[in-house]
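K.L.:
Now for the letters of each chain:
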Amino acid sequence: MSVGAGELAALLGRMRGVDEFALTEMRRLRSRRQLGADGGARDDHERRLEAELYRDLRRGRGSSRASFEGLDRAQARARAATAAGHASRARGPSWRLPSAAAPARVSVSDPRIVAGPARAVDELVAAFVAALPREAELVRGFVEAEVAEVEARASSGFANRYRATRVHWRLALAVGDRLAVTGEGAARRLDDVDAAAEIASLVGRAAAPIEPAAPGRYDLLLRAQALAPLTPRWGWWAPLVAQADAGLVRQGLSRYRPGQPIHPGAIDGDALDLTSDGTLPFALESAPFADGGDPVRRVPLVRGGVAAGLLLDRREAALLDRSPNGGARNLVVGGGSRDPAELEEPGARPLLVVDDLAWLESAPDGVIAAGLGASAVPGAGRRWGGTVAVDAFGLWSRARMSRDRVRRGWYDGPAAIRFDDVPLVG
Amino acid sequence: MTRWSRREVLAALATSGAWAAIAPLLAGCTPTRTRVQVEPITDTPLPLPRLRAQLRELVSRLSRDLEDAYAAAHVDELASATLDAGEATLAAEQRVRVHLGGHRGGRWREQVIASADPARVRAAAEALVGGSLSAPRAGAGRRLFERDAQPAIDPHDAPRVGWTARLAPLLERAESFGGSRVVYRGAYLRVRDRQHVFVGGDREVSERQLSTRAGVAMVAWTGDAIATGVAERAGALGLEALELGDDALAAAAERAVELLTARAAPSGELDLVLAPDVAALLAHRCVGDALTGDLWLGREALASTLVGVPIASESVTLVDDPSGGQAFGDYAFDDEGWPSAPAALIERGRLVGPLTCRRTAAALRLPRTGHGRRAGATLAPRPGHLLLAAGDATGEELVAEVGRGLLVEGAAAAGLDARSFRVWLRAQSAKEIVDGRWTGRRFGGLTIAGAAPEILRSVRGVGRRSETFAVDDERGAPLSRQAPALLLTAAVHGEGA
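Protein chains in written order, with this note's numbering: chain A, 1 to 426; chain B, 1001 to 1497.
Every clue listed holds true.
Partial list, computed: chain B residues near chain A (C-beta under 8 Å):
{"no.": "1", "residue": "1113"}
{"no.": "2", "residue": "1424"}
{"no.": "3", "residue": "1451"}
Far from chain A, by Cβ distances over 12 Å, these chain B residues were calculated:
{"no.": "4", "residue": "1061"}
{"no.": "5", "residue": "1085"}
{"no.": "6", "residue": "1143"}
{"no.": "7", "residue": "1195"}
{"no.": "8", "residue": "1201"}
{"no.": "9", "residue": "1242"}
{"no.": "10", "residue": "1246"}
{"no.": "11", "residue": "1257"}
{"no.": "12", "residue": "1271"}
{"no.": "13", "residue": "1315"}
{"no.": "14", "residue": "1319"}
{"no.": "15", "residue": "1325"}
{"no.": "16", "residue": "1401"}
{"no.": "17", "residue": "1404"}
{"no.": "18", "residue": "1434"}
{"no.": "19", "residue": "1464"}
I should point out that these hints are in silico values taken from the structure, not numbers from a laboratory. Yeah, the Cβ is synthetic: ideal placement off N, Cα and C, and Gly gets one too.
Using the sequences provided together with the hints, build the complete structure.
P.N.:
As structure tokens, then:
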């Protein structure tokens, strides 16, 4: 009989050589249906039981992470003893677990998905199929629904659990003999999926051919799907999220620190406000607590173009004598006040309105490259594609943002953002 | 001599494109977690023979209710060690996945669990058929295929606590190369040891796959410029991967020091000699990734409409062949138990077809190529060992063909839009060539972008000497790519130009 979170917490609490611990147990059932010629169904049962063990030594605190999934009581004790031994050799600064804090009050579970993930998948597939116009075909893809039960316990006294649901889809849709376009999305609740809008967007993109735009400098107007692709998470904002890592800042590895502008030059657009918020109801990255029971909070990362708060796990929080905040979550982007029509006005360069991206790559040095999936010059009636490669920090110093907002996946912010003078490299 | 800590290296690389070169050293070594170790699970070894016997029995029972019933288990042990002047780290973890599946009514269904516990495996089988299991089907004779890795120094026989000590002689030898401008040297060893069992159809397959990388990363610094050089040995190896030659170490140090004088690269359409690492990145991320059966099945790749069409010059032949048994991405059987074999992707410039797994081959009515590979629960056709065929030109002959152009080195990143077959590729540095000769000028980062067929059709020279590079693909699976230098013409965009 394998140990669970409660039994493991009791075991670790009594062990010599373990001064503190924080553990997380996650059980997840993910039901998937493949669509089109690749049709089929799969249930993926995942279970994870991991603990971080801390050992206080004269020279500092040692830590070790170990997995206890599938172990019986005797095996778990042996594993913990080995891990405690390793912790004594893995030395770092001294710190103590912060006091147990209340989890965020946030709903992340849809009863309809909990009642039956496979049935939820069937409902969503039916909704997508019902929205298909006669000329369109779902060639390939998948729809999946998951129910996760998460429990965390720590020697600080924290003990809590929550249930989270999520639906996720990726669809390849073709119109006539043309190549298919793909769309991907996710939501916590079935009611948050607008299947008709998803299909309509795909049909619109699939119907028009895309031609390569000539290399040169352009003004880009990014719309919702291009601003907030499901993957990679945090898209255009990923370099800014990385710079808010408290450990990076503490060790002097960040480009800037709180209180400093995110770009050394003058701001030639709207000053950016960026907040990580894991407390938005039913948002994709919301949760009551993070691994080990760190409470999830709302954290301002950038205010008026100036770096603000830091993302703190339990260790970094303790070293700064502050409370952990659960790390990077949903991104709330503020600072937009422009009329949407103003953003579409012609400028010194050709304007490309970008509806979606084919891919996006973000490097640690802040270079972001993106393949434009479908872009248009307003009124020209043709679709263009190409590749842009830019320095993310410079990019955000010249952003102009619309006042109308959109919520999509991990993103809650302006429905459109314009960046002028962006190089399209091919 | 100045000596840097790993922290200082990370700080400097945070604002430099040179980070990609030493990624293997920094993987698992994030700035905030340098001292956290992940516990190896060797204290409770997995009873693989028992699991294999149970899978055999379950497939025999499932065959009564499902067509093409199968069972597979993958046990991945991932271990790594790093060593530099100030720090030693050791990490290991084990991942287990058991898959049970088959067809009913023409559609496949599958149950996946992250456990080898017999009761849970049986419960998964019952969930698959929606009730109690049938009696075993008699007489299901299967051909047995077993393949073990044959490393000279088996990682299982070398206790992991001693791995960092094995890195010490390599690091010590590296100290004698590069002089005082090399401010940091770090040695690394990464081993992926995979046990793979498949039972289904007419076969039972058991294979151990070893994918090992070992090397030294060097960082050179002038006070305001930073550059990196890496010497690496990778393959289906054990700890003998640590036996890296002095010539490789010297070349890595030389490269790091040379790059210190780089200036902003030019932009425009230029003749380019792509060094083997850049040519290999082009072959993989810009071409190979568009030639997978799942994208073709979804009609998501322009390449699927170009079969038989010359998408490259006649000197370009691209094959994926993981059957050699020596390379980092090699395997004898794919994750569906199908034997690996060479699969032609581009032959003398003409597009041949995609890599397939069982499902994509059936749906596309193409031959099965043995490229069904799993990442987590998902199975898809993916390359294992991509091989761009060598030509007959020496490096000097390729350079001599260039009027005004660049030798592009240091593969960094790439992107592909399969629907338009347009690609983007980033490299760390370039050397200037004018009238077939080096000018001695060094340039920094640049990107190459355009339509993949246009770039490939412009190839007019292929080097005779190939090099092999190891990478972990975007899903964490080992992949190797082998390529010679290429001479072609493409639009480049210099960073900071």
